[in-house]
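One-letter residues, chain by chain:
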Amino acid sequence: MSWVADNLDLIWGLTLDHLRQSAIAIVAGFVLSVPLGWLAFRYTPLRGTVLTVIGLLYTIPSFALFALLTLFGIPYQSELNLVVALTIYAVAIMTRSVTDGLASVDADTRSAAIAVGFGAWRRFWTVDFPLAGPVVLAGLRVTAMSTISLATVGALIGVQNLGYLFTNGSQRRIIAEVFAGVVAVVVIAIVIDLVLMLAGRALMPWTRRNAPLSRARLRAVTA
Amino acid sequence: MNLLAEAFAWIFSPDRLTGALPLPTAIAQHLAYTFGSVAIAAVIAVPIGWLIGHTGKGREVAVFLSGAARALPALGLVVLLYLLFGVSLKTEAAVAAFVVLAIPSILAGAYAGIEAIDRSVIDAGRAVGMTEWQILFRVEVPLGLSLLIGGFRSATLQVVATVTIGAYIGVGGLGYYILQGIPLRDFAEILGASIVVVVLALVLDGLFALLARFAVPRTAGPRRRSARRAPGSVSVPQFSH
Amino acid sequence: MSTARTRLAVALAGTAVAALALAGCASSDPLSGDSTDSGSTTDASTIVIGSQAYYSNEIIAEIYAQALEGAGFTVERNFNIGQRDVYIPSLEDGSIDLFPEYTGNLLQFFDPSTTATTSDDVYAALQDALPDGLTVLDQSPATDQDSYNVTAAFAEENGLTSIADLAGIDGLVLGGAPELEERPYGPTGLKDVYGVDVSFQATADTTVDELVAGNIQVANVYSADPRIKTDDLVTLEDPKGLFLASNVVPVVNADIADEIADVINAVSAALTPEGLVALNVESTVDQRSSADIAKDWLADNGLS
Chain A
1 MSWVADNLDL
11 IWGLTLDHLR
21 QSAIAIVAGF
31 VLSVPLGWLA
41 FRYTPLRGTV
51 LTVIGLLYTI
61 PSFALFALLT
71 LFGIPYQSEL
81 NLVVALTIYA
91 VAIMTRSVTD
101 GLASVDADTR
111 SAAIAVGFGA
121 WRRFWTVDFP
131 LAGPVVLAGL
141 RVTAMSTISL
151 ATVGALIGVQ
161 NLGYLFTNGS
171 QRRIIAEVFA
181 GVVAVVVIAI
191 VIDLVLMLAG
201 RALMPWTRRN
211 APLSRARLRA
221 VTA
Chain B
1001 MNLLAEAFAW
1011 IFSPDRLTGA
1021 LPLPTAIAQH
1031 LAYTFGSVAI
1041 AAVIAVPIGW
1051 LIGHTGKGRE
1061 VAVFLSGAAR
1071 ALPALGLVVL
1081 LYLLFGVSLK
1091 TEAAVAAFVV
1101 LAIPSILAGA
1111 YAGIEAIDRS
1121 VIDAGRAVGM
1131 TEWQILFRVE
1141 VPLGLSLLIG
1151 GFRSATLQVV
1161 ATVTIGAYIG
1171 VGGLGYYILQ
1181 GIPLRDFAEI
1191 LGASIVVVVL
1201 ALVLDGLFAL
1211 LARFAVPRTA
1221 GPRRRSARRA
1231 PGSVSVPQFS
1241 H
Chain C
2001 MSTARTRLAV
2011 ALAGTAVAAL
2021 ALAGCASSDP
2031 LSGDSTDSGS
2041 TTDASTIVIG
2051 SQAYYSNEII
2061 AEIYAQALEG
2071 AGFTVERNFN
2081 IGQRDVYIPS
2091 LEDGSIDLFP
2101 EYTGNLLQFF
2111 DPSTTATTSD
2121 DVYAALQDAL
2131 PDGLTVLDQS
2141 PATDQDSYNV
2151 TAAFAEENGL
2161 TSIADLAGID
2171 GLVLGGAPEL
2181 EERPYGPTGL
2191 KDVYGVDVSF
2201 QATADTTVDE
2211 LVAGNIQVAN
2221 VYSADPRIKT
2231 DDLVTLEDPK
2241 GLFLASNVVP
2251 VVNADIADEI
2261 ADVINAVSAA
2271 LTPEGLVALN
2281 VESTVDQRSS
2291 ADIAKDWLAD
2301 NGLS
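Chains as they are written, first to last, in my numbering: chain A, 1 to 223; chain B, 1001 to 1241; chain C, 2001 to 2304.
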């Protein structure tokens, strides 16, 4: 693996780019999916349709989505195209998690909050959302790993990130380079997953006791 | 929107039936890779998943490995396996990559399906005197079917998307047009091929939705409510296009 | 209740800070940079050099970069951009200043119906075809053009020295990048100019492997590809000029052309066809990085 030793700065630089692009997409996706998920949760008749349509966004293969985004004036080979596409995928996965999470909150707890006099806004932020936390977090972890691995396709539309190691390694036929890229992506994904899991434990201390896996959480993880 | 019209014109143009890769052939190749890879992944993942779900052992390892496998970047895996297998085995390399990417979803669908079953139902089975095999095949598998199908659905959608990347090492499929269109600056071609892939994905997703509906075992009482929720809801997809 | 909310707020704030920090770190990386940024913030004396998503082109770009740095310029690298659609506009608006290109391919980009084929004709036609705001410096003797190749064994079996000799052989399969199918020098060109019938297989990066394995008989291989030598391939002659000559040429933004002409022209003159192949060998066989290869080449040629 001397190639790896010789090219550590390259790998590091690309890793930072990769993390940056993924982080923006994950955060943006999360932020967008909260209101969407809440809408789907609140208006039950709409729920099935909204979730299915949003979920279908994920079935659009990456190349196709890059091409479709050009219809909105985004240049095909640009980082903007990649980040917007990654955000859309993130929203597609996360929205269902948010909805399922909110749905998994015990109805009695919600009634109690209403009885005590919490308004809708306060109830959402202090009762519903925190209690939906475990399911939302499971979805967020899946989203994060998905985004990080998906981002590599950017190399084929000229965006610089760890995917460069695949196209460049393929041209120069340097197996170590391609392997290093695969390992780097997997390692980053696992690290971010761990970070999210620890953040979840820190933010939601009530989940530390081993709660039985609810069907909603199982569903989020199955994906 | 002119571009959209051009894309459709590209799809339905008679030129698509001639040339190095006629469109119907590309679609057929694409579907063949998808079904083939999912089938192979199923043969590997379903028994293991059922074993994990039934015995409850090995779950953490499975979860960790399938989590790590999900993080595998499709493009990297395809290129790596190609470089390792060599050009004469490039189809095998591509299929191997697709299989690896399909396994996590199916594995998770298999064990999660069994884990979601109410323990009392399984205990009842034991109480009635069923052997472990009978419990597995007569109780756990049928009840876990909806989540298993959900796993298949995710895996299939993921592979359909990943097969487009296979074109990078020249194995055909709809990705061929996209990789051709980029240097030629032929956006009608890129968009047209993309639309075909999306339609394919939607059709497959729809088929699975129908299948899920039929997979719900007919049991009475409270189980009905959770069963009805299962079919439409298990569509949080897998990833790494 | 407020504890959960505070924690959430802290978490969100922390994430935002982390994302911004990463953005800050990453943008100082020399290989990063969105090429579609128009109006870059670099000051007038910085030369921005781009490259294609092709390792050989990246080496040449790195040579330009180090040569200019040696001459006292400040250089910013913006490599691996991808397609001409992306970097040509950047060259025109000044967000990229210098780019290594290939005369024939670039000419076809601007003037697809061109009839020039020889090296000098192509260069002259290119100078005319370029839009205002862009110009080319001296072209280099080094070439990296499309060429049709066969294995040495196949050439001997069929007595092949030029493309014309392929006419009449049945069952020929041509391999190359997917877009070759549509290029004027692709299967249609072979038929029209030489009367050669081929079926096409898109082999992209696997082209040489397929040729060596015998799955295809004719392959489009870039003339500077070291595998022509290492895998014992025979490049078929092209007497009727199916392919345009494609020499390495620096494309520059017209405003800064004079400033850097001396340095870059010296580099171009020193880059020979064999030299370019040798550079590619260093990258693929020796697996050295572009930076190292460029440094040594400049030192060997007395240009650093």
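Simulated from the structure, these hints should not be mistaken for laboratory data. For every residue, glycine included, the Cβ atom is placed at its ideal position computed from N, Cα and C. Fair warning: there could be bad hints in the mix.
[Stated by the list, open to error] If you only want the chain C side, here are some residues facing chain A, beta carbon under 8 Å, derived:
id	residue
1	2053
2	2086
3	2088
4	2151
5	2152
6	2154
7	2158
8	2222
9	2223
10	2230
11	2272
12	2274
13	2287
[What the hints assert, rightly or not] Sample of chain B residues lacking proximity to chain A, with all beta carbon distances greater than 10 Å (derived):
id	residue
14	1009
15	1039
16	1057
17	1068
18	1133
19	1162
Here is how each hint holds up against the structure:
Taking 8 Å as the C-beta cut-off, the interface hint given for residue 2053/C holds, the closest approach to chain A being about 6 Å. Look at residue 2086/C: its Cβ gets to within about 5 Å of chain A, closer than 8 Å, so that hint holds up. Contact between residue 2088/C and chain A, as hinted, is not supported at the beta carbon level, the nearest pair being about 12 Å apart and thus beyond 8 Å. Given hint, residue 2151/C at the interface with chain A, is violated; its Cβ is 18 Å from that chain's nearest Cβ, farther than 8 Å.
Residue-level restraint check for residue 2152/C is violated (minimum Cβ-Cβ distance to chain A is 21 Å; threshold 8 Å). Interface hint status for residue 2154/C: violated, as the beta-carbon distance to the closest one in chain A is roughly 22 Å, over 8 Å. Proximity of residue 2158/C to chain A is violated relative to the hint, the smallest CB-CB distance being about 28 Å (cut-off 8 Å). Checking residue 2222/C against chain A by beta carbon gives a least distance of about 11 Å; that is not within 8 Å, so the hint is violated.
The criterion of a C-beta within 8 Å of any C-beta in chain A is not met by residue 2223/C, whose closest approach is roughly 16 Å, and the hint is violated. Evaluation of the residue 2230/C hint against chain A yields a violated restraint, the C-beta minimum of about 11 Å exceeding 8 Å. Violation of the interface hint for residue 2272/C is found here, the shortest Cβ-Cβ separation to chain A being roughly 22 Å, above the 8 Å cut-off. A least Cβ separation of about 19 Å between residue 2274/C and chain A goes past the 8 Å threshold, and the interface hint is therefore violated.
Evaluation of the residue 2287/C hint against chain A yields a held restraint, the C-beta minimum of about 5 Å falling below 8 Å. For residue 1009/B, the condition that its CB be more than 10 Å from all CB atoms of chain A holds, with the nearest at approximately 15 Å. With a minimum CB-CB distance of about 20 Å to chain A, residue 1039/B clears the 10 Å threshold, and the non-interface call stands. Against the 10 Å criterion, residue 1057/B stays outside the reach of chain A, whose nearest CB is about 16 Å from its own CB.
For residue 1068/B, the shortest C-beta to C-beta distance to chain A comes to about 6 Å, within the 10 Å cut-off, and the non-interface label is violated. Every beta carbon of chain A lies more than 10 Å from that of residue 1133/B, the smallest distance being close to 24 Å; the non-interface claim holds. Distance check on residue 1162/B: its Cβ comes as close as 8 Å (rounded) to a Cβ of chain A, failing to clear the 10 Å threshold; non-interface status is violated.
Violated hints, listed in ascending order, are 3, 4, 5, 6, 7, 8, 9, 10, 11, 12, 17 and 19; each of the other numbered hints is respected by the structure.
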